[in-house]
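Chemist: Heads up: the sequence lines are chains A and B, in that order. The numbering of the first sequence is the working numbering, which starts it at 1 and goes up by one. The numbering of the second sequence is the working numbering, which starts it at 1 and goes up by one.
None of these hints come from the bench; they were simulated from the model. Treat the hints with care, since some could be wrong.
Covered stretches of chain A, going by a simulated chain B footprint (3 or more residues, C-beta under 8 Å) [as the list claims (entries may be wrong)]: (1) 216–224; (2) 236–247.
DEER-style ranges, computed between Cβ atoms [said to hold, decoys possible]: (3) A:L342 / B:E269: 35 to 41 Å; (4) B:S323 / A:W25: 56 to 62 Å; (5) A:I41 / B:R333: 52 to 58 Å; (6) A:L58 / B:S399: 49 to 55 Å; (7) B:G159 / A:N349: 37 to 43 Å; (8) B:E312 / A:P21: 34 to 40 Å; (9) A:S343 / B:H91: 30 to 36 Å; (10) B:N440 / A:I41: 36 to 42 Å; (11) A:T156 / B:R75: 32 to 38 Å; (12) A:A127 / B:R373: 52 to 58 Å; (13) B:R373 / A:R322: 57 to 63 Å; (14) B:P252 / A:P21: 51 to 57 Å; (15) B:F18 / A:W25: 31 to 37 Å.
Heads up, the beta-carbon is just placed ideally off N, CA and C, and yes, glycines get one too.
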Amino acid sequence: MSGTENRTPLIRLAKRSEMPPRTIWAIRVASIIVALILGCIPMILTGNSPIEAYGVILKGSVSRPIYLKQTIKIAIPLLGCALAIAPCFKMRFWNIGAEGQITMGAVAATYFALFWVGKVPHVALLAIMFLAGAVAGGIWGLIPAYFKARWNTNETLFTLMMNYIAIGIVAWLQGGPWEGRKGSQLIPMFNDAARLPQVFGVHCGWIIVLVLVVIMHIYMTRTKQGYEIAVIGDSVNTARYAGMNVGWIIMRTMFISGAICGIVGFIIVSGANFTLYKGVANGVGFTSITVAWLSQLNSFAMIVISMILAILEKGANTLQTRMQVPASIADIITGILLFCMLSCEFFINYSLIFRHKVKEEAKA
Amino acid sequence: MLLEHNCAIEMRGITKRFGQVVANDSIDMRINRGEILALLGENGSGKTTLMNMLSGIYQPDEGEIYKDGERIFIRSPREAYGYGIGMIHQHYKLIEVFTAAQNIVLGLDDEKMDLRRTNEKVMEICSRYGFEVDPSRKVYDMSVSQKQTIEIIKVLYRGADILVLDEPTAVLTPQETQKLFKVLLNMKADGKAIVIITHKLHEVMEVSDKVAVLRKGKYIGTVNTSETDPQALTDMMVGHAVTLNIERPRYPEPKRKLVVENLTCVDNEGVRKLDRVSFEANTGEILGVAGISGSGQKELLEAITGLYPVKEGSIRFVRDDGSEAELVGMTPRRIRETGVGMAFVPEDRLGMGLVGSMGMTGNMMLRSWRNGRGAFLRKKEPEDLANGIWKELDVVTPSITYPVRRLSGGNVQKVLVGREIAGNPQVLMTAYAVRGLDINTSYTIYNLLTEQKMKGVAVLYVGEDLDVLIELADRILVLCGGQVAGCVDARSVTKEEIGLMMTQFNAKGAE
């Protein structure tokens, strides 16, 4: 019988019983700290002092109002887009097409910025652009949802492909019908009437996304539709059992999600870029997946996470100019952050039991 | 040790628990070479669990496994293959877009993908045992029986000489079954040890050499097929009647409540799950539904609630004034909106009846979330309901917001049954309502159902424990292969009679 103990595996996993929420959040915060410590490794490898580097990142992103404004400008679309995809993820509908939905929202807003300017007053024009962006983004999100509901197509691939179609459309507009000076391959800059006004030195997009934070929080936790989304995310069978029309709810949620992405597209073109080009979404649709996931789909946590990612991005640019460290260091740290936060969820749910421990327990 | 030289596997004192449920209770069993052993038992008797321990999917909590007299530890399916043990599961594990040959070599790392040699080896196995297979054919082009053939070849290709087949004939036509039996006999002649898990008595009689019977996780015994008959096997399978003392009052004046006529349902693959099922359920009556698992119980309840598509037939709800409402073609939502009070406790509690990640309040809302005007949820009423059920049914939970997924099985069921009864239904349907529950909770559920019955509710109780069905129900509807094998008075019928109806109706019909 002596061989039996050796036959048990070296490490095995056991499911933990529920932890109090405070411990869970403490573990999550600790994982961020671990990530920042691990982030020192690439800095040391590139021959820099991590403390100095983190200092530069912070200084370059929040130390002066002008830097802070730029950082917030980066955070606005991230936050808005994370709010948009959160309901889809809650529903376990993997919408990775936010990039395309942003782009289409931007296209629709740009149409009115280019061709309706001067015909309607400033505020009305912005309102029209806002609505047009929302509708266009919503429709772009609705298409894959319709196919999912009707023929159960794979939404991950479908939404991803729709991104490239949207970018292709912009490329065609840029070189074709909407081209400004012939041969420039550029769409002309917006007239002032089509630009978002500034509030406290930053375009008023930040007000829009903060309002959206509150609305989406209420939508997800207090409304019947938010409840339907949560039930579908848990089990489609339960939703059907409760009499929910799953296909319809998927389409409705994707329209809402796409619409918010479209609004983000409108904010980007009329608040930051003042024109439309192929790279208008600039990876926001993908980075915001990280934001949504790291914040556990909690609207308010998204504000914090999107700011952290924006600080990293803005600070890393400073890092590059000051210390000649490649700005991609920010991407590395983001990656480590994601890794640590996801693995901490694992340790929240499971504990490791080592072999020798089991033996001791058996003796005791 | 005193071992017969043809004994391939010996299991001694195997025990496996899942939480509070003992799935296998110190089982001793032998599997011999050159023999087909049928492992017989009702649903939940622990057949598949036992065999999963042999194929490395589970590890036993207690007990020992010996192969050729030597103790072995099987920690994974891969190790099981190492010991020459291969299992063919009920649900095939094949990659649809791969060819037969690719599926067969999948997961073998010591082999280079030499398709020509693989094909030769596959053809060799085929000709030896009489399989018909085209190794270059893609799996998605194959019939169910061909897929099963691939699974068997896959196991043989890995050199298994001990084969376990989990309900191999469940999805086959009679002709395909005959083909499979021929192959099994060839393998037996080749000296392989074969176990088939089944509950079809006529197949046991036809193909096996020995029969091992399990009942409620316990090993009852092994008999030689030639020395037994279906009646004796049924007795072993269902056991002698146990007195449970469930109270069964009579309701004064039962009236028709639910009429099902010629109900036929077909699944995605064209298999008839329900075949011209007709019955009536009355007020103040518990109608038990008995049958081997997969005889159409799930489809029957889901069809009545509007969740399963109906091909033909009629389901009518009889209102108190005698008028009837046709339910076929209505969505679950429409059914509720037309004022048909129907409650359903499904088999898959967390996957269908409840939302695991939400607390009791969120789960109470599942029936009432649409109530009230406007876009906002009303939380007050479900909260009160949750508090009520928490107290009345003694649900063990830290709070009404604690995720129900984390509760024990019995408490999960109390939440579900409590909610369904709270809607004051006129028809209450339950599927395996006491599966996995301890005795006390089971009795709580029985009492709740009887209480509902005496309120004049028509209760449909799908169960697997015949002892309970006989004592709890007023009438018992027996299903067999999607057809009604009979509807009997529970007060006068015996377990053996039901057991025979459950297992032999189709065999008789085919003759």
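Chemist: Please go over all the hints and tell whether each is borne out by the structure.
Modeler: Status of each hint after checking the structure:
| no. | hint | result |
| --- | --- | --- |
| 1 | 216–224 | holds (count 3) |
| 2 | 236–247 | holds (count 8) |
| 3 | A:L342 / B:E269: 35 to 41 Å | holds (38 Å) |
| 4 | B:S323 / A:W25: 56 to 62 Å | holds (58 Å) |
| 5 | A:I41 / B:R333: 52 to 58 Å | holds (56 Å) |
| 6 | A:L58 / B:S399: 49 to 55 Å | violated (41 Å) |
| 7 | B:G159 / A:N349: 37 to 43 Å | holds (39 Å) |
| 8 | B:E312 / A:P21: 34 to 40 Å | violated (53 Å) |
| 9 | A:S343 / B:H91: 30 to 36 Å | holds (32 Å) |
| 10 | B:N440 / A:I41: 36 to 42 Å | violated (57 Å) |
| 11 | A:T156 / B:R75: 32 to 38 Å | holds (34 Å) |
| 12 | A:A127 / B:R373: 52 to 58 Å | violated (29 Å) |
| 13 | B:R373 / A:R322: 57 to 63 Å | holds (60 Å) |
| 14 | B:P252 / A:P21: 51 to 57 Å | holds (53 Å) |
| 15 | B:F18 / A:W25: 31 to 37 Å | holds (33 Å) |
Consistency note: the structure conflicts with the earlier hints numbered 6, 8, 10 and 12.
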